[in-house]
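2 protein chains.
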Amino acid sequence: MLDALFRPRAVAVIGASAKELNVGNRIVRNLVEFGFQGGIYPINPKVTEIRGVKAYKSILDVPGPVDVVHLPIPAMSVPSALEECGQKGVKFVILNGGGFAEIGPAGAAIEEQCVETAKRHGMRIVGPNCQGIINTAPEARAYCNFTFTKPEPGAVSLVALSGGVAELLHQTLFQMGVGTRMYASNGNACDVSIPEILRYYGNDEGTKAIIVYVEGLRDPKIFLDTAIEVTKKKPILAMKAGRTEAGAQAAATHTGGLAKKDVTTDLIFQKAGVLSFHDEKEVCEAAAVFPTQPIPKGNRVGIITNTGGPSVIAADVLVSGGLAIPQLSAASEAVLKEKLLKEVTVRNPLDVLATADAGHFRAALDVLMKDDEIDSVFISMVTPFFVDNESIAREIVEVNRQKIKPIVCTLMTDKIGCAETVKIMREGGVPCYDFPTSAAKALAALSRYGEIRRRQLSRVKHFADIDRAAARSILEQARTEGRTMLSAAEAWGVLSAYRIPAADWRVALDAEGAEGAAAAIGFPVVVKADSPSVVHKSDKGGVALDLRDAPAVRSAVETIAKGLGAADRRYLVQKYLPGGKEIIVGAKAEEAGRLVLCGMGGIFSETLADVGFRLSPVSDGEIVDMLSHLKGASILKGIRGEKGIDEAKLVELVQRVSQMVNDLPMIRELDLNPIKVFEDRVVVVDARIIL
Amino acid sequence: MLDALFRPRAVAVIGASAKELNVGNRIVRNLVEFGFQGGIYPINPKVTEIRGVKAYKSILDVPGPVDVVHLPIPAMSVPSALEECGQKGVKFVILNGGGFAEIGPAGAAIEEQCVETAKRHGMRIVGPNCQGIINTAPEARAYCNFTFTKPEPGAVSLVALSGGVAELLHQTLFQMGVGTRMYASNGNACDVSIPEILRYYGNDEGTKAIIVYVEGLRDPKIFLDTAIEVTKKKPILAMKAGRTEAGAQAAATHTGGLAKKDVTTDLIFQKAGVLSFHDEKEVCEAAAVFPTQPIPKGNRVGIITNTGGPSVIAADVLVSGGLAIPQLSAASEAVLKEKLLKEVTVRNPLDVLATADAGHFRAALDVLMKDDEIDSVFISMVTPFFVDNESIAREIVEVNRQKIKPIVCTLMTDKIGCAETVKIMREGGVPCYDFPTSAAKALAALSRYGEIRRRQLSRVKHFADIDRAAARSILEQARTEGRTMLSAAEAWGVLSAYRIPAADWRVALDAEGAEGAAAAIGFPVVVKADSPSVVHKSDKGGVALDLRDAPAVRSAVETIAKGLGAADRRYLVQKYLPGGKEIIVGAKAEEAGRLVLCGMGGIFSETLADVGFRLSPVSDGEIVDMLSHLKGASILKGIRGEKGIDEAKLVELVQRVSQMVNDLPMIRELDLNPIKVFEDRVVVVDARIIL
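Order-wise, the sequence lines are chains A and B.
Just add 402 to wherever you are in the first sequence, counting from 1, and you've got this note's numbering.
Just add 402 to wherever you are in the second sequence, counting from 1, and you've got this note's numbering.
Just to be clear, a hint being listed does not mean it is correct.
In this list, chains with the same sequence are indistinguishable; a pair is considered to hold if it fits within one copy or across any two.
[What the hints assert, rightly or not] Calculated lysine to aspartate or glutamate pairs in the EDC-like style (CA-CA distance at most 20 Å, straight line):
no. : residue 1 : residue 2
1   : LYS421    : ASP759
2   : LYS421    : ASP790
3   : LYS552    : ASP816
4   : LYS552    : GLU822
5   : LYS741    : GLU797
6   : LYS741    : GLU631
7   : LYS623    : GLU993
8   : LYS817    : ASP836
9   : LYS699    : GLU745
10  : LYS683    : ASP836
11  : LYS825    : ASP970
12  : LYS1033   : GLU984
Treat the hints as calculated values from the structure; they're not laboratory data.
In isolation and in its complexed conformation, chain A is listed as follows (with noise of 0.2 Å):
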């Protein structure tokens, strides 16, 4: 628990000096200028006091209890430090300055042995290398922190291990006038990581939004388990950097050099519920809007405007966002056009026009909340001066209160000109943004946590018919022999363990078993050399297709022995079968978990990427949205009157696949490719495992 951190009885600074320009003198006077709630313990040999508060000249002079020592000193001298806050009992020690694990490996080797001594004493570590935490809680109010932006009391939480980013983010929020909860920006993180302090704000009951910045995970399997855990209660905003393989290169030194391209965050986050930004301006707007806001309970939104340009843009930004405009319904049109002035058409976007009053605006806005077609409103509010704003501003506030829908509002004006207007909305709750582009993709966001809420987590099936033993002696006995890849004959007795159908196959050592074996399969038939070293078989001429009959076995046979040598003269023999859709199922090993993929298979899943990722355990319904969002989903459905596949068979192998995967940690890649799909059954055609 983090409460001794956020909430702490007293926090010491070591090294705080009674000069200005110095980052312990800041912290204690950010403490004392907020009006930190506990005792504020300057530690400092030479002086008597710091910013008129007493300093001791060791920890251990302090009186009573201390929770959190700042130590904004040398790395050199934090570790003989460290052992002072340890005898003192201290909880938390927050290690503000650099020359750890960023530097190299000298500053590695500091970065371990504190984390030694923190552990030896009980102690646990912010940073090394950042700036720390802050609290605005009335009861805490700790500003543990040296950044510039003077915290405002807020609801928005915020952790990043970037200080700069993480000092953006809250200025950003305070300029908007949206305020801080809590912020946590712990550099390195050599102990206190992002995922407990997430757990800690998802419990946090002022926290209604929380925003991480990373530019990496840490440890992905841990931050996919908190997230999902918290983004039951309340929503994760996340922005990821280092996308782009330069970003990635940039991010690789600046925190300790652990930050690494991935490519599994964006799955993390999907599986998670996490509601993914790649812009950090949109994602503090985005985050301004849960505070005051109910989540709607559908997309439907209604959009107000009183000028025409800025409601085409809002309709663009929402309906890319995911949100529908609907018709209003029929009883909502006569009560408008009623109400309303005579010059507007009734529609949605409802444009009530720039003459319209106070009057006007509330009537459109009780129709909205009422209409059973409508979950949210948006609106587009421009000020002109020949209109009560200030009028129309209360009246907007006084149906925010009521809390019956969602409002976002753009509110284009002059700020200077217009202050009071721009102080009735913000007073009451009214999220405001200068943009249209800006508040409706905060609406958008708004809109999609509340289908991540309402989203049925679907049923991972588990199945019993399976023989896990069976397949795990096949992937010891290949790794007892030494080998990474199986051997044909080995991949598909796995795949049979798991019950994935396949093509009916046999094992021959040379033309006359290959004969055999086709005979017992019946033709057409298809020979392969079965290769660990010949992975794209039809770039090498390693595949015969469509043998009719015992001499297309032999020739074919023979002709691939050519390209082989002696020791690799093993050969697939496997039933033909023409027609049919070809599909890729694969699986991949990382540290997030398994990934499967699922797409279009042969040549075109090489050139046209056409496929989908999950992180494992996959449940029916990620198969059956990942077919959907391929680009050759229709395909699959049938196209040109021919008939579609059978999709229940394909994601019972999906499901059978991930299962599999799940299972045998041992495998760390699984592709089969082509699967033959037909409009009655699904057939592994080639496969391949690696271990």
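Position chain B against the provided structure of chain A, taking the given hints into account.
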């Protein structure tokens, strides 16, 4: 020429009232307070002065010449007032009021009457249903407008039909401290048009960048031709709203009902070198960089930062925007290692650390300005309290003044505490942004404009070996017979006239004829129904492939015949070409000209929509670009050891199609699908032409 509009000798306001909340009154006030350099004449029979300016009973009483007259009066009073303006010799009238085409047929009739009256008197109309214009040039200071944002002189000019959006853009530039050069919002735009205004801005020395907001293009061809001219001189930054179905619907009514969903606007922007944006804030932020910064010579950016995270965000956005972040030269690295703090890791992005002072920043800037591997500089600056930020700002300004390479800056700061730093940067002409993403997108726009300026307008080839007359006579024959779809034979005839290579073909009326045709062509052949009513032939059993002998041809004809009415029994016999890759090439008549498309053919063109579009005439460079952006581009290049296609022949084919549809405007739609492309030739296999 719009000189009399933007630099009027005198402005009259008909209907200016003494009441404060009156549009005419506000326009008079705006002209007076902004220091308009010409005469101001309120016209009102009932008062002697407005805002201290002498009022006249009628426009005809005004002593001197009047170039511009505002008419913020009810629509029905406008036509007679226009008569008087005409008698007075007024050059431009600005119709500020509503009640015209935007409210329906009655208003449209008044609007037409206004156009007619104005034309008769040689007057031009701005609007109706509009705000008017602004020109901040010191010799004009024409604030002919009732917007609430006071104009601040700058070098960015704006034009939009929508007053709400124009005001929003205007205010954004004001809040950014960038200012406006000229402004025009012309509502229903019944006369003076956006292209006219663009052309005027293009010739205005004081305009360094132009922002245009559109919801659709009234006359795409004129817009295209104008934009091509203007972008050679200065950038046009365009935002098109109404991109979604819902957005287009919202746009459809609000300015005279002329906006409509279109598909060609983006192509027009691309062809004209217009920078395209989807976000109203981004377009302003990007425009802000042009007035002070030189155009970069290339796309390679050097990043200087004093905190890690923001440079990661910037790197992502820069690279996504087409910029590269190269290594620094060895010489640069050597200098930096010597001059920066010893803890600095010298690389690009270059983190000079939060403790860097003005000297360190200057050293880094000087090195990047000299480094031949770098074309522009991105600065990410936070303002820690423990360094002298003002000195750093002064060094940046100093280097910026040299205008060697463009600089953009993210300045993350406490705008109150560090107001002086902000002021130094702003007055020094350094484009500063609150967010790394904003700054990076602005630099990307600057760089993209550099590319537009450098791009060689590649050659549009004109083929002289074609027989236009032959093609035209086929089309005219069909038209005379009242048909809009050509028969297969006609389509092949047109292609042949343009020397577009097609599979050898003959038309037959029965099985015997088909057998004879097949023998002449040589087996194998394809037989198709040659009926305009059979569009997707493979859906309806109207095609038989790979017929290897006469009996097969006969049987195919008999089968196909069953699906055809007696009148439709015509057959196309064509050489069957197995193998090759399938490409689709097409053309479609749009208002802006002929759209040419090229993409992956066959079933995938429908389901994956893997096609590119350009406006004809297309140059070889445009075609190569279009092909290289297909998802299936690697298939065309050849994968898995296959040979690639003969690209030159395909490019020539598309050029011939482009010339054909330009030569023959009767062709409304052309669909060559598939075209079989081989390593040494391209052959059209199926063709459809619609008039």
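Given a CA cutoff of 20 Å, do LYS623 and GLU993 count as a within-copy pair, a between-copy pair, both, or neither? within (7 Å within a copy, 55 Å between copies)
Homomeric proximity label, LYS817 with ASP836: Cα distance no greater than 20 Å: both (10 Å within a copy, 19 Å between copies)
LYS421 and ASP759: within-copy, between-copy, both or neither at 20 Å Cα: between (58 Å within a copy, 18 Å between copies)
Could you figure out if LYS421 and ASP790 sit no more than 20 Å apart (CA to CA) within one copy, between two copies, both or neither? between (53 Å within a copy, 15 Å between copies)
At 20 Å max between alpha carbons, let me know whether LYS552 reaches GLU822 within a copy, between copies, both or neither. between (24 Å within a copy, 19 Å between copies)
Intra- versus inter-copy proximity for ASP836 and LYS683 (alpha-carbon distance at most 20 Å): both (13 Å within a copy, 9 Å between copies)
Tell me, please, which holds for LYS1033 and GLU984 at an alpha-carbon limit of 20 Å: within, between, both or neither? Both, since 14 Å and 18 Å are each at most 20 Å.
State whether the alpha carbon distance between LYS825 and ASP970 is at most 20 Å within one copy, between copies, both, or neither. Cα proximity of LYS825 and ASP970: none, with 79 Å in one copy and 74 Å across.
Could you figure out if LYS741 and GLU797 sit no more than 20 Å apart (CA to CA) within one copy, between two copies, both or neither? within (15 Å within a copy, 61 Å between copies)
Is the C-alpha distance from LYS741 to GLU631 at most 20 Å within one copy, between copies, in both cases, or in neither? The answer is neither: 47 Å in one copy and 50 Å across copies each exceed 20 Å.
Within a copy, between copies, both or neither: where do LYS699 and GLU745 come within 20 Å Cα-Cα? neither (32 Å within a copy, 54 Å between copies)
Please sort LYS552 with ASP816 into within, between, both or neither, judging by C-alpha distance up to 20 Å. Classified as between; 9 Å across copies, 26 Å inside a copy.
Violated hints, listed in ascending order, are 6, 9, 11; each of the other numbered hints is respected by the structure.
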